[in-house]
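*Asks:* Each protein sequence line maps, in turn, to chains G and F. Each residue of the first sequence is one higher than the last, beginning at 0 in our numbering. Each residue of the second sequence is one higher than the last, beginning at 2 in our numbering.
If you are wondering where the hints come from, they were derived from the structure by calculation, not from laboratory data. Glycine included, each C-beta is placed from N, C-alpha and C at the ideal position. One or more of the hints may lead you astray.
Computed spacing ranges between beta-carbons, pair by pair [what the hints assert, rightly or not]:
#1 Gln-11/G - Ser-184/F: 34 to 40 Å
#2 Phe-83/F - Pro-272/G: 48 to 54 Å
#3 Pro-205/G - Asp-438/F: 33 to 39 Å
#4 Gln-11/G - Ser-367/F: 43 to 49 Å
#5 Ile-194/G - Ala-52/F: 50 to 56 Å
#6 Ala-3/G - Glu-477/F: 40 to 46 Å
#7 Ala-344/G - Asp-81/F: 36 to 42 Å
When the alpha-carbon atoms are kept at most 20 Å apart in a straight line, the in silico EDC-like pairs for lysine to aspartate or glutamate are as follows [unchecked claim]:
#8 Lys-414/F - Asp-169/F
#9 Lys-414/F - Glu-399/F
#10 Lys-255/F - Asp-15/G
#11 Lys-9/F - Asp-110/F
#12 Lys-414/F - Asp-89/F
#13 Lys-255/F - Glu-152/G
Sample of chain G residues facing chain F (criterion: CB under 10 Å; computed from the structure) [said to hold, decoys possible]:
#14 Val-19
#15 Val-21
#16 Glu-56
#17 Ala-116
#18 Ala-123
#19 Leu-125
#20 Ile-141
#21 Pro-275
#22 Ala-278
#23 Asn-336
#24 Gly-337
#25 Val-338
#26 Ala-357
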Amino acid sequence: MIRAIARKEFVQYWRDGRVVTVFGIVALLGLAATVTGWSAVSSMERERASAVAMDREIWDTQGLKNPHTAAHFSRYAFQPTFNLAVFDPGLTDYVGNAIWLEAHYRDPAALRPVEDAVEIQRIAQLNPAWVIQVFGPLLIFILLYGAVAAERESGTLRQLLAAGVRPVSLLLGKAVSAFSLTGLLVCGVLVGSAIVMGAEGIERLPDTGWRTAGLAALYLVYLAIFVFLALGVSALASRSRTALAGLMGVWIVATVLGPRIGPEVAGALAPAPSAPEFAARLDREGADPFWDASEGAVQRRQRVMDAALAEYGVETVEALPINYDGYLLQASEEFANGVFDTMYAELWGSYESQRAIARGFALVSPTIAAQNVSMALAGTGIHAYRHFADEAEAFRREFVLLLNQEMIDHGGADGYAYVSGNDFWRQNPDFEYAAPGIGEAVRGVWPDVIILVLWLAIAIAMAAAGVRRGFLGEMAA
Amino acid sequence: MTTRAVLKHERMALLHDRIQLVLLGLFALICLWASLRGAEYREALEEAATAFETEHLERAADWRARVVAVESGDVAPEDDRFAGLAMDVARPAVAAPGPLADFSHGVTDVHPFTSRVSLWRSVDRLFGNYQFQSPNEIRAGKLDLAFAVLFVMPLLMIALTFGALSRDRDSGRLGLLLSHPVSVRAVVRSKLLVRLGAVFAILVAALLAGLFIGAGGVPGGERLGRFGFWFLAASGYFAFWTGAIYWFVSLNRKSETTAMMMIGFWVLNGLVGPAVLAAAAQLIHPAPSQLAFLSTAREVSNEAYRSRADVMQGMLLDHPELTVENYTIPEYIRVSYLVNETVDRAVEPVLAEFEAVQDRRQSFLSLVQYAAPAALAMRSINEISGTDLARQVRFEGEVRDYKRAIARHVEAKVLAGERLTVAEVDAVPAYAFRESDLGAVGRSVLFPVGYLFGLGLLAAALARRNLARLQTRFREA
């Protein structure tokens, strides 16, 4: 029976020009989004590969230079844009592509693509995930708003029930048809993305297979939520017009207003530090307490000197068997690193607080939760960005230490006049980034997964309530 | 029943329809939130800009005081070797927030608005370390008055009017109504007048509230003038949607079909259109690679540093008058100046290309924006608010020019290794960002805003024709 109902619904969709048109437009958008995503990711990866090679070349050929001067020039950590960004670019355009690994300072990632983008991109950015998140529910609502209400209005519902069709079968038949059609869209877009993701030059994210399966499951659950919601509303509404109005309201709140209002309220309740102020504080607090003429800084430097003298068992700096300037520079690095740890913990903490508050809005907009999970699986969410930034910072510290150590060990009494050459630069390591696996990637989004499951349960309960009230009322009549 | 009676009835109906009142209330609330948050945002930008400028001007004043002390003989030159060092000239360059940045945040949340212009920095480093904003917040976008007007307002207009004609027709009330001496056009017009009039009243109140809240009192002349254009643009967008709604209603379809068509139009105009136009602009006019730009700057810097002897030689050949034997200033200062100057010259063509691409994109969008009125309205509104991309590109270009101006002013002294005199310090040019004048803004947005009004009028004319035909059909029936 369910199959027969689903088949009948498909035929009806096919005959309904509106459905075919909307489906066609959404499918076209999905295709265009996939091509755009592929073009953006492959071009970003091409540019990155070239920049990485150039960075190495520049480093290796810098000639005679003081190692600490080289640490100021330093190198860059370039963030890879992985294959799944074709499907869901997430925060890719809003975080920088490159982190300067200079001495004395923990830089933010610079070169954010959004700074080069035209301003109307801020309204909406065409990508496959966005097409599914926004247009999937719309398509479902258009397919299903009249699923029960229109049958009731035309009197066919009573006929169907009188003919012995079970309400659950009717509901499931309609659910299967709408779900299959929109599921086809999800699978089509994912398969399309998977094909272009395999293109040469695009770096593969660890566990891509599992992540893709996770994305497929996520979006099927996401669409199922809207399918059952639509059926519930259609069964409970007295008229198809009312059902449509209600569902359009749900769509607007869930996909358009919720994802904007949530972060807005979160920003108001848990403001992130002001960017100019934070940058100034990093500058000030990371350097001044060590280098300026204040009593605290003088004492700090004195303690470093005392420690060096004690370590090497000598009385004066001149008697030290090491380059003391390098030693002092490294001590300043270690002091600044503690400051950076504290300040960045505050920054990341504010992002997390905002996310937690915005997540509260997922209770009225499952799209927010779906976006968080989708970005995490695609490796384009805030955790992926933080992972990269932290890895780059760990490398920066090791790299600056390596350069300072070269000066300490071999600089002797030359102070800043000590220089190293290309032979040394060529031995220095590259920053090699390994993205986290799926387990680590989804660790931060379990609450979102739970919210989605809750939404699904609520939507199913609503559809069941629709069966009880809508159908049984009709049977009683 | 007369037209006046229909109007009165519609007013009463609106006042007693709880759902419509709630929707209107929600819109008012969103506008109020946007005004309050907008004012807070603008104030924060202003405070950051002022704090930055004050701090750096104070530093410059302290620095000048050292020059005065040496010149007046209070401090011996050998006791303050670096007082008046030409290379140390540094000045702040600040673009205060646009006059209506509280109304539309535009691109202000991702671009720098301050720079410490110093000869120690090459032009690719003039805007460093400002990328600390929460990527999630940037991605979600701001809930400003522009968003309320461009996206929320049309949704409210649709929700209030989609059943304006069809509901009466479906319920059989229309026939009864038309049996009185009143035309179908008058009925539709009365309904739209009351419902959309309420939306417009809230819009006017919200904008006026925003004007005063953002100004923290009575607004000044510049703000008032810009507000006039902003109001005109918002009214144009309202007129466009009024015309479109009038036309959709005049098609006399079932309520749900009308609602679907209106929502579909909203989606095409507000989401798909801007997303496709943005993607097209960026595909047709791709920006030069930022990573390649970075690599070029580093490569040139490295090369210039490596061959600094040649660079110095070249400089002395160009400026034999600067061949001074007794430099009192360390050599590395001149080297840094020349290296930075070499980098500045090398990246000039790339920066020019960045600006040219933005110009080409803006020209492209200026043509195609007419296909998506939401994009057109947004661009106009951002321009009026002083938060558009073109203003930002201009600021960044001016800051680079400013650095060149300072360099020209002190170059001879840097290369000769001489101190600046107090008179020379005082003659260092200052930077002041100038907003586009009101007339230019008006001329720029006049046609796009006129187009919105024109589209609205055209749609209304077509609607009138449709309703006239409908009236004839009713009479014949």
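*Asks:* Could you run down the list of hints and mark each one as holding or not?
*Replies:* Against the structure, the hints:
1. Gln-11/G - Ser-184/F: 34 to 40 Å: holds, 38 Å
2. Phe-83/F - Pro-272/G: 48 to 54 Å: violated, 33 Å
3. Pro-205/G - Asp-438/F: 33 to 39 Å: Since the Cβ atoms of Pro-205/G and Asp-438/F sit about 55 Å apart, the hinted range of 33 to 39 Å is violated.
4. Gln-11/G - Ser-367/F: 43 to 49 Å: Check passed, 45 Å falls within 43 to 49 Å.
5. Ile-194/G - Ala-52/F: 50 to 56 Å: Holds, at about 52 Å.
6. Ala-3/G - Glu-477/F: 40 to 46 Å: holds, 44 Å
7. Ala-344/G - Asp-81/F: 36 to 42 Å: holds, 40 Å
8. Lys-414/F - Asp-169/F: Roughly 84 Å between the alpha carbons, so the hint for Lys-414/F and Asp-169/F is violated.
9. Lys-414/F - Glu-399/F: Since the Cα atoms of Lys-414/F and Glu-399/F sit roughly 24 Å apart, the hinted pair is violated (cutoff 20 Å).
10. Lys-255/F - Asp-15/G: It holds: about 15 Å lies between the C-alpha atoms, which stays within 20 Å.
11. Lys-9/F - Asp-110/F: Answer violated: Lys-9/F to Asp-110/F is near 47 Å, above 20 Å.
12. Lys-414/F - Asp-89/F: holds, 11 Å
13. Lys-255/F - Glu-152/G: holds, 13 Å
14. Val-19: violated, 14 Å
15. Val-21: At 7 Å from the nearest chain F Cβ, Val-21/G passes the 10 Å test, so the hint holds.
16. Glu-56: Holds, about 8 Å.
17. Ala-116: Nearest chain F Cβ about 7 Å off; hint holds.
18. Ala-123: Since the shortest Cβ distance to chain F is 4 Å, the answer is holds.
19. Leu-125: holds, 4 Å
20. Ile-141: holds, 6 Å
21. Pro-275: Holds. Min distance 4 Å.
22. Ala-278: holds, 4 Å
23. Asn-336: Since chain F brings no Cβ nearer than about 17 Å to Asn-336/G, farther than 10 Å, the hint is violated.
24. Gly-337: Status violated, d = 19 Å.
25. Val-338: Check failed: Cβ of Val-338/G comes no nearer than 15 Å to chain F, outside 10 Å.
26. Ala-357: holds, 7 Å
Of the numbered hints listed earlier, those contradicted by the structure are 2, 3, 8, 9, 11, 14, 23, 24, 25.
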